[in-house]
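Q: Single-letter residue listing:
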Amino acid sequence: MTYDWDFSLLAQNWPVLLRGLLVTVELWIPAMAAGLALGFALGLARLSRSGWVAKPALGAIEVFRGTPVLIQLIWFFYAFPIVIGVQLSPFVAALLGLTLNTAAYCAEIFRGGIQSVPKGQFEGARALGMTRAQAMRRVILPQVLRRMLPAFTNRAIELAKVTSLASVLSVHELMYQGRLLSATYYRPLEILTTVAIVYFVLIYPGSFLSARLERRLAARS
Amino acid sequence: MTTTPLLEVEGLHKAFGPHEVLRGIDLAVMPGERVAIIGGSGSGKSTLLRCLNFMEVPTAGRIALDGRTLGRRGRDGGTVYPESELCGVRRRVGMVFQQFNLFPHRTAIENVMEALVTVKGTPRAEARARAEAELGKVGLSEKRDAYPSRLSGGQQQRVAIARALAMDPEILLFDEPTSSLDPELVGEVLRVIRGLAGEGRTMLLVTHELGFAYHFATKVVFLADGRFYEVGTPDEVLKHPRGERTRSFLARHSEFAF
Chain A
1 MTYDWDFSLL AQNWPVLLRG LLVTVELWIP AMAAGLALGF ALGLARLSRS
51 GWVAKPALGA IEVFRGTPVL IQLIWFFYAF PIVIGVQLSP FVAALLGLTL
101 NTAAYCAEIF RGGIQSVPKG QFEGARALGM TRAQAMRRVI LPQVLRRMLP
151 AFTNRAIELA KVTSLASVLS VHELMYQGRL LSATYYRPLE ILTTVAIVYF
201 VLIYPGSFLS ARLERRLAAR S
Chain B
1 MTTTPLLEVE GLHKAFGPHE VLRGIDLAVM PGERVAIIGG SGSGKSTLLR
51 CLNFMEVPTA GRIALDGRTL GRRGRDGGTV YPESELCGVR RRVGMVFQQF
101 NLFPHRTAIE NVMEALVTVK GTPRAEARAR AEAELGKVGL SEKRDAYPSR
151 LSGGQQQRVA IARALAMDPE ILLFDEPTSS LDPELVGEVL RVIRGLAGEG
201 RTMLLVTHEL GFAYHFATKV VFLADGRFYE VGTPDEVLKH PRGERTRSFL
251 ARHSEFAF
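Chains as they are written, first to last, in full-length UniProt numbering: chain A, 1 to 221; chain B, 1 to 258.
None of these hints come from the bench; they were simulated from the model. All of these numbers come straight from a predicted model, not from anything done at the bench. Note that beta-carbon positions come from the ideal geometry of N, C-alpha and C, so glycine has one too. Keep in mind that the hints are not guaranteed to be accurate.
[Said to hold, decoys possible] Sample of chain A residues lacking proximity to chain B, with all beta carbon distances greater than 10 angstroms (derived):
1. L22
2. Q121
3. V139
4. P188
[What the hints assert, rightly or not] Not everything, but these chain B residues come out facing chain A in the computed CB check (under 7 angstroms):
5. V80
6. C87
7. R90
8. R91
9. M95
10. Q99
11. N101
12. F103
13. H105
14. A115
15. T118
Please model the complete structure; the sequences and the hints are all you need to start from.
A: Right, dumping it as structure tokens:
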């Protein structure tokens, strides 16, 4: 079986992919940043001794981890307007869905990390008169962030690829642009291969830096 | 000479679920007093100590510091302890743990400085000078930049003592400070604690080192089943115990003495 690979059409159409890449980054970075922040709050809420705080947090985490991201995105775009009467733009709906999904995973990473610190560390800090917040900030988190880094890197890598699901809401990110080109030129193999390479180039530097940071932090202890 | 007790405990109870560990403890500690708390495992001695700086919140009873009762009446009639008050109490009542609980991501001197800076708001340079002085006092000046993982158990515990001392506590609590140490490291820690006794500090010590308790304490308390079974001077409790349980406890502890 022979197939004539022809990448020449990409020579003219790369700006289309580049525009998609920019939108992908616009989804990826804010969703990760907001997901981390919200995940931290959710993780703390999950650890709260008050059931009124812990249980809703657990519920939210389970819903977002236990249902397909694809359906979450569709839901925010199509069902949100019906439920609360606000129509979100496809981009905002996608960003919201991705953020909340990421937050749910990050919450569990934070919770697991914080719980992995021996109880004595918290007591040692509290016995010196530190408030809960001070103990968390000065004693607990510095110890666990290092341990959580690989898990967060994983999440960020996963999220970079999951942003491609926003294409179902016609958000013009990388995957959408790729499919657009495929449909126009009937060259899906070349175009999707290229899109995959672009994703890889987008993700690899981050995972490389994270591995280096991990080694540096490990060397310090 | 009458002064108010620095620490006063009345009818202290602590239960973990249905399990009652402390069943009514009364204790008054005068400034400069050194109390050794002894008793079998499960007698509640660590729990008692941990209630005094609210590592455990008592189920019932009254604790007063320098004549001022802590906590306030809750709606259900029990006592509630506001978080801010407990932080204040813990600044005045220092604790040294069995497992040291040093911060592994901080060097020895950073461990000692940490609460000075974050809790007391001491400027860093000043905190560093103070931390160096405290490390010097426990004989660890040359280890100031070592991480805890590089220190022996005895050295870690001495750093932990320096860390507690740096906060200028009015009362120091020692929760079995030598129980997790190799026997040859026990001496260096006990020497430091004995040195503190010489300064007239108010201290409470939970320990199995009865010989040390005898020389260290001004008052010895034998705890059994969550109550004070026998209280007195070291001579009274450790040399001439009156109670049957105190005697059998001491006999078990001296079984292999020679």
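Q: Are the hints correct? Go through all of them and say.
A: Each hint tested on the structure:
With a cut of 10 angstroms on Cβ distances, L22/A stays outside the contact zone with chain B, its closest approach being about 39 angstroms. The Cβ of Q121/A sits about 6 angstroms from the closest Cβ of chain B, inside the 10 angstroms cut-off, so the non-interface label is violated. Taking the minimum C-beta to C-beta distance to chain B, about 6 angstroms, the non-interface status of V139/A is violated against the 10 angstroms cut. Every Cβ of chain B is farther than 10 angstroms from the Cβ of P188/A; the closest lies at roughly 51 angstroms, confirming the non-interface assignment.
Look at V80/B: its Cβ only gets to about 14 angstroms from chain A, farther than 7 angstroms, so that hint breaks. Annotation: interface hint on C87/B holds; nearest CB of chain A at approximately 5 angstroms, less than 7 angstroms. For R90/B, the shortest C-beta to C-beta distance to chain A is roughly 4 angstroms, which falls under 7 angstroms, so the interface hint holds. Below 7 angstroms, beta-carbon pairs count as interface contacts, and R91/B has one with chain A at about 4 angstroms; its hint therefore holds.
Because the closest C-beta pair between M95/B and chain A is about 4 angstroms apart, less than 7 angstroms, the hint holds. At a threshold of 7 angstroms, the smallest CB-CB gap from Q99/B to chain A is about 5 angstroms, leaving the interface hint in force. Taken as an interface hint, N101/B checks out: its beta carbon lies about 3 angstroms from the nearest beta carbon of chain A, inside 7 angstroms. Hint status for F103/B: holds, given a least beta-carbon distance of 6 angstroms to chain A, under 7 angstroms.
Interface hint at H105/B: satisfied, since its Cβ lies 5 angstroms from the closest Cβ of chain A, which is below the 7 angstroms cut-off. Because the beta carbon of A115/B sits about 4 angstroms from the nearest beta carbon in chain A, less than 7 angstroms, this interface hint is met. Taking 7 angstroms as the C-beta cut-off, the interface hint given for T118/B holds, the closest approach to chain A being about 5 angstroms.
When the structure is compared with the earlier hints, violations turn up for hints 2, 3, 5 and for no others.
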